[in-house]
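Let chain A serve as the given structure and place chain B on it in line with the hints.
So you can see what is in the structure, the chains are spelled out below.
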Amino acid sequence: MSEKKKGLKRLIEFMQDRMPMHKFNFETLVLKKEVPLHRMSWAYYLGGLTLFFFLIQVVTGIFLLFYYQPTVSDAHASIEYISKYVHNGLFIRNLHTWASSCLIFCLMAHALTAFAMKAFAPPRELIWMGGAIMLVLGFAFGFTGYLLPWHQIAVNATKVALQSLDESGHYLPGVLSGAPHYIKEIIQGGPDVGQATLSRFFALHVVILPLLCFGVLGMHLLSVQLHGMSQGVDDLPKKSEKFFPFFILKDLIVWGVAFLGLFILAVCIPFESFYAFPFFQAYNALGATPEGIKPEWYFYFAYYPLEIFPFWLVMLGMTVMGVLLFITPWVFKKTSRRVLTILALIMTAYLVGMTFFGQAIYEIVKGVKG
Amino acid sequence: MTNKEPQSKAGIENEVNDERRVFVKAACGLGVSLFLLSLGSLGKLLSFFFKQDLTQEQQEQVISEKIQRLKQTTEEQELQLERLSKDYIKVAEFDALSPIKGIYFIDYIMRPALAFSDDNGIPIVISAKCTHLGCTVGQNVDLQGQILCPCHMSRFNIKTGVPALGSPAKLPLPRLGWSLMDVKGNILLTQDPQGKQEGITDTDKLAGSSLYILKKYS
Numbered sequence: 001m002s003e004k005k006k007g008l009k010r011l012i013e014f015m016q017d018r019m020p021m022h023k024f025n026f027e028t029l030v031l032k033k034e035v036p037l038h039r040m041s042w043a044y045y046l047g048g049l050t051l052f053f054f055l056i057q058v059v060t061g062i063f064l065l066f067y068y069q070p071t072v073s074d075a076h077a078s079i080e081y082i083s084k085y086v087h088n089g090l091f092i093r094n095l096h097t098w099a100s101s102c103l104i105f106c107l108m109a110h111a112l113t114a115f116a117m118k119a120f121a122p123p124r125e126l127i128w129m130g131g132a133i134m135l136v137l138g139f140a141f142g143f144t145g146y147l148l149p150w151h152q153i154a155v156n157a158t159k160v161a162l163q164s165l166d167e168s169g170h171y172l173p174g175v176l177s178g179a180p181h182y183i184k185e186i187i188q189g190g191p192d193v194g195q196a197t198l199s200r201f202f203a204l205h206v207v208i209l210p211l212l213c214f215g216v217l218g219m220h221l222l223s224v225q226l227h228g229m230s231q232g233v234d235d236l237p238k239k240s241e242k243f244f245p246f247f248i249l250k251d252l253i254v255w256g257v258a259f260l261g262l263f264i265l266a267v268c269i270p271f272e273s274f275y276a277f278p279f280f281q282a283y284n285a286l287g288a289t290p291e292g293i294k295p296e297w298y299f300y301f302a303y304y305p306l307e308i309f310p311f312w313l314v315m316l317g318m319t320v321m322g323v324l325l326f327i328t329p330w331v332f333k334k335t336s337r338r339v340l341t342i343l344a345l346i347m348t349a350y351l352v353g354m355t356f357f358g359q360a361i362y363e364i365v366k367g368v369k370g
Numbered sequence: 001m002t003n004k005e006p007q008s009k010a011g012i013e014n015e016v017n018d019e020r021r022v023f024v025k026a027a028c029g030l031g032v033s034l035f036l037l038s039l040g041s042l043g044k045l046l047s048f049f050f051k052q053d054l055t056q057e058q059q060e061q062v063i064s065e066k067i068q069r070l071k072q073t074t075e076e077q078e079l080q081l082e083r084l085s086k087d088y089i090k091v092a093e094f095d096a097l098s099p100i101k102g103i104y105f106i107d108y109i110m111r112p113a114l115a116f117s118d119d120n121g122i123p124i125v126i127s128a129k130c131t132h133l134g135c136t137v138g139q140n141v142d143l144q145g146q147i148l149c150p151c152h153m154s155r156f157n158i159k160t161g162v163p164a165l166g167s168p169a170k171l172p173l174p175r176l177g178w179s180l181m182d183v184k185g186n187i188l189l190t191q192d193p194q195g196k197q198e199g200i201t202d203t204d205k206l207a208g209s210s211l212y213i214l215k216k217y218s
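Note that the protein sequences, when read in sequence, are chains A and B. In terms of our numbering, the first sequence opens at residue 1 and continues consecutively. In terms of our numbering, the second sequence opens at residue 1 and continues consecutively.
Chain A extracted, bound-state conformation (with noise of 0.2 Å):
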């Protein structure tokens, strides 16, 4: 009983350490909140950038909201009169698919620059916990937003990666084998990536992940401003500026290139002109599948890797990977940041290997087997 109390005592005690609410109050929010001046500062940047990628795509998803049609008999229609007909619909779908991108590349650099600068160090376990949900949840929205303009690409795409889930079931002991199998039927909601699917899909996408992401997000942004900008840098910085309004000002100024940038991008390149045109045309569930069907850049990581390493393998690397994403801030507890930079830069190398050289390393495998 007593040892019950204290451990309800430790828990307390741990959530005051995390949220010190007595900290929210105009001085420390607004007045006295300052930003360390070192070589990694950029990187103080790139969260504010993500949220700015964020908010482009709440905003931009519920105009698309007001056009789109989630049928399988509709929903390739009403994209393409989006695209066609609606005033700067193109423009506002475009910019919808160039963000979301853009919203994942962030989010994958402010982590890795986040892991680098052991910004999840104590008291910041919390942060770093709910910024890992955030990336998981960033590529939820990817997923479900690939299949709901249900072109080719999109409905073959989700039903292999479906059916890999359903795989990966064979290698798990015992009653867990039937899991992904059950997860894969909860998902697909019927005997094929079908209606059913595209609800779920539209469901996840405009309503239940943005739930989620609004609440992680608000207690991730909450927690930064009550415990200030993390360190960065092993010795104390001996610079600082004032957040507001410097930091501040220059952040509104990296949002407002972006936001230039990316108004670029969104007018001057179709997002899907990376693709060849029949990956376009409405999904035929009666043809075969179009050949060279793929995830989105951003899955390359996993997905290379599928196609060219034995499955169990690449399952039990990803888990792993998963496992350590959320558990960071106590693995890596006293590890030095230079070996968290290190480590941070093997795994930027990993990425940006995997997504620009994905093919050429998977012909160069196979060319090697066959």
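It is worth saying that the hints were derived from the structure and are not from the lab. Owing to the predicted nature of the structure, the values given are computational and were not obtained by experimental measurement. For every residue, glycine included, the Cβ atom is placed at its ideal position computed from N, Cα and C. Certain hints may be false.
What the hints assert, rightly or not - Examples of chain B residues lying across from chain A (beta carbon under 8 Å, computed):
1) Leu54
2) Val62
3) Ile63
Claimed, not checked - Derived DSS-like pairs (lysine-lysine); straight-line CA-CA distance at most 27 Å:
4) A:Lys333 - A:Lys9
5) B:Lys159 - B:Lys101
6) B:Lys184 - B:Lys86
7) B:Lys101 - B:Lys25
8) B:Lys71 - B:Lys159
9) A:Lys23 - A:Lys333
10) A:Lys84 - B:Lys66
11) B:Lys215 - B:Lys184
12) B:Lys170 - A:Lys184
13) B:Lys66 - B:Lys51
14) A:Lys32 - A:Lys250
15) B:Lys86 - B:Lys71
16) B:Lys51 - A:Lys84
17) A:Lys250 - B:Lys25
18) A:Lys334 - A:Lys238
19) B:Lys101 - A:Lys294
20) B:Lys90 - B:Lys184
21) B:Lys86 - A:Lys294
22) B:Lys205 - B:Lys215
23) B:Lys90 - B:Lys170
24) B:Lys184 - B:Lys170
25) B:Lys170 - A:Lys366
26) B:Lys71 - A:Lys84
27) A:Lys238 - A:Lys33
28) B:Lys90 - B:Lys205
29) A:Lys250 - A:Lys23
30) B:Lys44 - A:Lys84
Using the frame of chain A, we list chain B on its own:
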């Protein structure tokens, strides 16, 4: 701030007034430019919600495309209903079967399947759902008598369904049971999923019949 000593009280007032004037001017300029900017961009953004002006031709196109998609959906629903209610489903005409290009159809559990004929003209009916990750296998038969899954390059022998060596798929494509029936509904030739045949194998006598899949084999 200037270093110049103000000569008199009136001088100070003038200077302050000058500063104020500049500030007000700048603020007004900024305000007006921001107003114009937002007017331009908001007008553009707002027009997203305006009624679309489609020409008659465009309207016709939109509606006919919509009808076409609805028809496609209806077709799929009818297929589903047919599979629930009927014991036999017609897949293809016997004479249309080819050894080099398969005919797609949907099996009893709404999965894609393919019908070919072998060199003797006897039907080959196999599932077209790749046993690797579930893509729909291609319908064209290569010179080795194999069909290709476009997703991960698995090749399957159409006669046995067995994947070629080195394919990511390990399990064979399952064979489906079928029957050939004439116009009167008499079963001429039938084959169960294990490959056991029963009936006439003389292709001359089978001409004009149709290929069906059977519910009892699903």
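* **Pair hint lysine 32 of chain A and lysine 250 of chain A, alpha-carbon separation not exceeding 27 Å** => 17 Å, holds
* Under the criterion that the straight-line Cα-Cα distance not exceed 27 Å, is the pair lysine 90 of chain B, lysine 205 of chain B satisfied? -> The given pair, whose Cα atoms are some 19 Å apart, holds under the 27 Å limit.
* Regarding the pair lysine 215 of chain B and lysine 184 of chain B, is the alpha-carbon distance no greater than 27 Å? -> Measuring from Cα to Cα gives roughly 19 Å; hence the hint holds.
* Asked: For the pair supplied as a hint, lysine 159 of chain B and lysine 101 of chain B, is the alpha-carbon distance within the 27 Å limit?
  -> 13 Å, holds
* Asked: Is lysine 205 of chain B within 27 Å of lysine 215 of chain B, Cα to Cα?
  -> Within the cut-off at roughly 25 Å; holds.
* Interface hint outcome for leucine 54 of chain B [beta carbon to chain A under 8 Å] -> Holds, because the Cβ-Cβ distance from leucine 54 of chain B to chain A comes to roughly 6 Å (cut-off 8 Å).
* Straight-line alpha-carbon gap lysine 184 of chain B to lysine 170 of chain B, limit 27 Å -> 41 Å, violated
* **Pairwise hint evaluation, lysine 238 of chain A against lysine 334 of chain A, where the allowed Cα distance is 27 Å at most** => Holds, because 23 Å separates the two Cα atoms, which is no more than 27 Å.
* Agreement of hint isoleucine 63 of chain B with chain A interface, Cβ distance less than 8 Å -> 10 Å, violated
* **27 Å limit on alpha-carbon distance, applied to hinted pair lysine 333 of chain A and lysine 9 of chain A** => Given that 27 Å is the threshold and the Cα spacing comes to 23 Å, the pair holds.
* Distance restraint between lysine 90 of chain B and lysine 170 of chain B, which requires alpha-carbon spacing of 27 Å or less -> Distance ~30 Å between lysine 90 of chain B and lysine 170 of chain B Cα, so the pair is violated.
* Taking 27 Å as the top limit, are the C-alpha atoms of lysine 250 of chain A and lysine 25 of chain B close enough? -> Measuring from Cα to Cα gives roughly 25 Å; hence the hint holds.
Checked against the numbered hints given earlier, this structure breaks hints 3, 7, 8, 21, 23 and 24; the rest are met.
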